[in-house]
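Novice: Here is how the chains run, residue by residue.
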Amino acid sequence: MLCALAAIPVLIAVAVRLSSAVPPGRGPAFLDRITQNGLFVGVTAMLVSVPLFLPLTVGVVAGDTVAGEAGLGTLRYLLVAPAGRVRLLLVKYAGAVAFAVAAPLVVALVGAAIGAALFPVGPVTLLSGDSIGADEAMLRLLLIAAYLAVSLMGLSAIGLFMSTLTDVPVGAMASTVVLAVVSQVLDALPQLEWLHPWLFSHYWLDFADLLRQPVAWDSFLTNSLLQGGYVAVFGALAYGRFITKDVLS
Amino acid sequence: MTAAGAATEPHVADLCIETTGLSKRFGQQLAVDGVDLAVPRGSVFGFLGPNGSGKTTTIRLMLGLAAASSGSVRLLGQEMPGQLREVLPRVGALVEGPAFYPFLSGAANLYRFDAADPRAPAATRKSRVHSALERVGLTHAADKKVRAYSLGMKQRLGIANALLAPRELLVLDEPTNGLDPQGTREVRSLVRSLAADGATVFVSSHLLAEVEQICTHAAIMSAGRLVAQGTLAQLRQDGQARIRVLTPDAGAAAKVLARLGLSAAVSGPAGSNGAGDVLYAPLPAGPPPAGADGAVAPEAVVAALVAAGVRVRGFATEQVSLEERFVALTGEGFDVVQ
Ligand SMILES: Nc1ncnc2c1ncn2[C@@H]1O[C@H](COP(=O)(O)OP(=O)(O)OP(=O)(O)O)[C@@H](O)[C@H]1O
Ligand SMILES: [Mg+2]
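Protein chains in written order, with this note's numbering: chain A, 1 to 249; chain B, 250 to 587.
Be a bit skeptical, because a hint or two may be false.
[Unchecked claim] Sample of chain A residues lacking proximity to chain B, with all beta carbon distances greater than 10 angstroms (derived): (1) Val10; (2) Phe53; (3) Leu56; (4) Leu79; (5) Ala94; (6) Phe99; (7) Val121; (8) Ser128; (9) Gly133; (10) Leu142; (11) Val168; (12) Trp198; (13) Leu205; (14) Leu237; (15) Phe242.
[Claimed, not checked] Here are some of the chain B residues that sit facing chain A, going by a computed Cβ distance under 10 angstroms: (16) Gly313; (17) Ala315; (18) Ala342; (19) Glu345; (20) Pro347; (21) Pro351; (22) Ala357; (23) Arg361.
The set of hints was computed from the structure by calculation and includes no laboratory data.
Nothing here was measured: the structure is a model prediction, and the numbers come from that model.
Here a beta-carbon is modelled for each residue, glycine too, at the ideal position from N, C-alpha and C.
Produce the entire structure from the sequences given, and follow the hints as far as they go.
Specialist: Take a look at the structure:
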């Protein structure tokens, strides 16, 4: 799955390289900047992965955690080992979190690498107008990956909870991904403005603040708090469900 | 038997598994209904019952995989599922067939299950996995992906998983399912050697001949209820012994038997050689009642038959087999009882 994620920046870079100049203002933001600075491949790739590709892969991994073991029947043997239900749940969530950290990181790093290979790399002009060196820009890139990783914590917890509800992994995966999409659709309806700050996907695209000088940490902080809330709520739900679950698979 | 009397009832401390009023409800259906199991330490305990009678569900309740609707379980003298972390490392289990990660090799699967127990010593893991695989004859297939295992090989690997550590109790749900004759024999001798090492073996099975060979005790489930339990001898005794008479004079023989207070049933001619009919008559259980002049002693029956001029061509007293006892307790019907 990480390979599939790595393919995205490669696709973008190759496509831009092969086509002639991209007219400014068309396609995803930053796309037109790639030819001037390869580092933007990473930023663009992360941007296009946020709405679907990242939630999809994270949903698959998080939805598979418990339900996958139940589907194989190995859950009962882990529990009689005995693995301990709380411990098993924590290990499974840690696995999902590790993937949520790795996924945007892979996109960013592969993006930077292929960008450096195909395009010139130089100082980057930030949204605030300031200019920073390539090293500093690389740091910002990693910061965005971290922001996305945090953004996916809530979804991972939702997936974990879904996974404790069923013995069919595909069901848990699908419902998690569907929830991610629904959350983004609700976020796009102006009539539901009061709801927006509570949607786990609300701040997903707000990492532009990290491209200012000095870095504006507000959205990072708000997002972290919101994600923390989701982790607490759905972590507790998953715990409550799994601790009393009859393992009949 | 629950009716075996307090004298023969093992002391509570000697029980390896003890359930009291154990019940499990699935929606409307009581899959396990007030089961009081008493499995003595050191026994090889056969757990019998038709399909869907609640054996696997009982095992799940015992191991803390599912929560009982009511009743309690004590395993190795400790409360379940409260003391689960204390108890389960000493219990090896095969529940409703083996289950593995198909993309891992047999040995890798065992490593993974062993590592799931935080208290299993990692230092001895390699040697324990190796000897478990050796015990079930899978040494040569250890590095093969489980995806490529046959049914019987998976079954063997499941048993190996139960043997990863020295166990005080083994719970084996249909261990010989899918095994070849050599595998079945091997499991039989495995169970014997485990019992010889002092472990208690609780084995659910449909193979009654198998159970008669290896078990010291047995219990029979029917539609969620425990209908009998005890030593094999007790179980058979509860079914009456009977006499079998082979004679051409079936009518006369039946009259003689009736005079002795035995109700005979003719079960048709024996074979095609014209030797006569076979009569069965149940012998009253226990010693002959006082004052009945000992007429029910088998030798007295023969004497009376001969005296009455019945041509006795064959005579035997028979113990009921476990299979007959099983059918008597759980019904003839083939359909699954709900
Ligand atoms: N997950 C479940 N949900 C609802 N009912 C169930 C479930 N699992 C088992 N049952 C019911 O509980 C009863 C007992 O099932 P169980 O698996 O314990 O039978 P068993 O004695 O092990 O049968 P077999 O010899 O076929 O293995 C059955 O009637 C079955 O339909
Ligand atoms: Mg069963």
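Novice: Confirm or reject each hint.
Specialist: Against the structure, the hints:
1. Val10: holds, 27 angstroms
2. Phe53: At about 25 angstroms from chain B, Phe53(A) clears the 10 angstroms cut-off, so the statement holds.
3. Leu56: holds, 22 angstroms
4. Leu79: Incorrect as stated: the minimum Cβ-Cβ distance to chain B is 6 angstroms, not above 10 angstroms.
5. Ala94: holds, 15 angstroms
6. Phe99: Fine: 18 angstroms to the nearest Cβ keeps Phe99(A) off the interface.
7. Val121: holds, 40 angstroms
8. Ser128: holds, 49 angstroms
9. Gly133: holds, 45 angstroms
10. Leu142: holds, 33 angstroms
11. Val168: For Val168(A), whose nearest Cβ neighbour in chain B is about 15 angstroms away, the distance exceeds 10 angstroms, so it holds.
12. Trp198: holds, 34 angstroms
13. Leu205: Leu205(A) clear of chain B: closest Cβ-Cβ about 36 angstroms, beyond 10 angstroms.
14. Leu237: holds, 18 angstroms
15. Phe242: The claim holds: Phe242(A) sits with its nearest Cβ about 12 angstroms from chain B, beyond 10 angstroms.
16. Gly313: Where the cut-off is 10 angstroms and the nearest Cβ of chain A is about 7 angstroms from Gly313(B), the hint holds.
17. Ala315: holds, 4 angstroms
18. Ala342: holds, 5 angstroms
19. Glu345: holds, 8 angstroms
20. Pro347: holds, 8 angstroms
21. Pro351: At 8 angstroms from the nearest chain A Cβ, Pro351(B) passes the 10 angstroms test, so the hint holds.
22. Ala357: violated, 12 angstroms
23. Arg361: At about 8 angstroms, which falls below the 10 angstroms cut-off, the nearest Cβ of chain A leaves the hint on Arg361(B) intact, so it holds.
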